[in-house]
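Please construct the entire structure, taking both the sequences and the accompanying hints into account.
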Amino acid sequence: GESVGLHLPTLSVQEGDNSIINCAYSNSASDYFIWYKQESGKGPQFIIDIRSNMDKRQGQRVTVLLNKTVKHLSLQIAATQPGDSAVYFCADNFNKFYFGSGTKLNVKP
Amino acid sequence: GAVVSQHPSWVICKSGTSVKIECRSLDFQATTMFWYRQFPKQSLMLMATSNEGSKATYEQGVEKDKFLINHASLTLSTLTVTSAHPEDSSFYICSARGDGNQPQHFGDGTRLSIL
Chain A
456 GESVGLHLPT LSVQEGDNSI INCAYSNSAS DYFIWYKQES GKGPQFIIDI
506 RSNMDKRQGQ RVTVLLNKTV KHLSLQIAAT QPGDSAVYFC ADNFNKFYFG
556 SGTKLNVKP
Chain B
79 GAVVSQHPSW VICKSGTSVK IECRSLDFQA TTMFWYRQFP KQSLMLMATS
129 NEGSKATYEQ GVEKDKFLIN HASLTLSTLT VTSAHPEDSS FYICSARGDG
179 NQPQHFGDGT RLSIL
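Chains as they are written, first to last, in this note's numbering: chain A, 456 to 564; chain B, 79 to 193.
These aren't lab readings, by the way, just hints derived from the structure by calculation. Since this is a predicted model, take the numbers as computed values, not measurements. Be aware that a few hints might be false.
Covered stretches of chain B (chain A as the covering partner; in silico rule of three or more C-beta atoms under 8 Å from a C-beta of chain A) [what the hints assert, rightly or not]:
| id | stretch |
| --- | --- |
| 1 | 118-126 |
| 2 | 181-190 |
Pairs of lysine-lysine residues, derived as DSSO-like cross-links and limited to a Cα-Cα distance of at most 30 Å, are as follows [stated by the list, open to error]:
| id | chain 1 | residue 1 | chain 2 | residue 2 |
| --- | --- | --- | --- | --- |
| 3 | A | K526 | B | K119 |
| 4 | A | K511 | A | K559 |
| 5 | B | K98 | A | K497 |
| 6 | A | K497 | B | K142 |
| 7 | A | K526 | A | K511 |
| 8 | A | K559 | A | K497 |
| 9 | A | K511 | A | K563 |
| 10 | B | K142 | B | K119 |
| 11 | B | K133 | A | K497 |
| 12 | B | K119 | B | K144 |
| 13 | B | K119 | A | K559 |
| 14 | A | K523 | B | K119 |
| 15 | A | K563 | B | K119 |
Cβ-Cβ distance ranges computed for the label pairs, FRET-style [to be verified]:
| id | chain 1 | residue 1 | chain 2 | residue 2 | range |
| --- | --- | --- | --- | --- | --- |
| 16 | B | K133 | A | R512 | 34 to 40 Å |
| 17 | B | D177 | A | E494 | 25 to 31 Å |
| 18 | A | D510 | B | E100 | 26 to 32 Å |
| 19 | A | R512 | B | L104 | 22 to 28 Å |
Here a beta-carbon is modelled for each residue, glycine too, at the ideal position from N, C-alpha and C.
Here you go:
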C-alpha cells in the first residue's frame, strides 16, 4: 500500500498467544511483498517475503498469507514474545516500494 | 549478510547548516537505494529513489534542491539536507537493494535535530 503518514493502529496480545497483523494493498500488479519489523529508534528489519505465485510462506515462528483476490496480506506470529513488540510494516514492489501505515504490536507479559 | 550502514546515527546542528548522511551497503552491491523520512508514530515516507550513476527520482512534494542525493557507487549513497531548518528535523532512513525482485535492507536511521 501507499504510505500516507497515517497514525499507527495498535494490537495488544498476551505473551504466548498468536498474533495476526493485517495489511491491504491497492495495486493488483504488485507481485512481491515483504514484511518488516521496526523497533523504536531503528531502521526496519526484514522478516519474511512472499511472491505472488504463492499464497503462504512460513518462516521461524512467522507465516505470511497472501490473498490476491482481495489484495490482502497477513503476518502471523506464533507464541508471541516480548521481543516481538515493535511496529510491523508491509511493503509491495509495484514500481517502487511503498509502505503500509504499519501496526504497533504490544506484547503484554 | 545484506548489511546497510548509515552514518551518522544522530546529528544536532544549527539552523542554516547543511548536513550529509551516508548510506553504505557493506556486503552487497546496491543497484538501487532509497531515502525515507519518518515522523514519530508514523510510517516511512519515501523521499527519493536513486540508481547508481544516475540522477535520483524524487517523490512528489520533495524538494530536490533541498535534499541532494548522490549515488556515485554501488555501495554508497549520500543525502545532503541543505540549509536545514527546524522543520527538517526528522528521522531519515536509507535502504539498499540489489538487482531483481529483492527486499530492501535498511540502515538504522539518522535522527536529525535542527536547533
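These are the hints, each one checked on the structure:
1. 118-126: holds (count 6)
2. 181-190: Result for this restraint: holds, n = 8.
3. A:K526 with B:K119: At roughly 25 Å apart (the allowed maximum being 30 Å), B:K119 and A:K526 satisfy the hint.
4. A:K511 with A:K559: holds, 23 Å
5. B:K98 with A:K497: holds, 19 Å
6. A:K497 with B:K142: holds, 25 Å
7. A:K526 with A:K511: Distance ~14 Å between A:K526 and A:K511 Cα, so the pair holds.
8. A:K559 with A:K497: Measuring from Cα to Cα gives roughly 14 Å; hence the hint holds.
9. A:K511 with A:K563: Judged against 30 Å, a Cα distance of about 28 Å means the pair holds.
10. B:K142 with B:K119: holds, 25 Å
11. B:K133 with A:K497: Distance ~28 Å between B:K133 and A:K497 Cα, so the pair holds.
12. B:K119 with B:K144: holds, 24 Å
13. B:K119 with A:K559: Within the cut-off at roughly 9 Å; holds.
14. A:K523 with B:K119: Roughly 29 Å separates the two Cα atoms, so the pair holds.
15. A:K563 with B:K119: holds, 20 Å
16. B:K133 with A:R512: 34 to 40 Å: This hint holds: roughly 36 Å between Cβ atoms.
17. B:D177 with A:E494: 25 to 31 Å: Cβ of B:D177 to Cβ of A:E494: about 29 Å, so the range 25 to 31 Å holds.
18. A:D510 with B:E100: 26 to 32 Å: violated, 40 Å
19. A:R512 with B:L104: 22 to 28 Å: The hinted range 22 to 28 Å holds for A:R512 and B:L104, with Cβ atoms some 27 Å apart.
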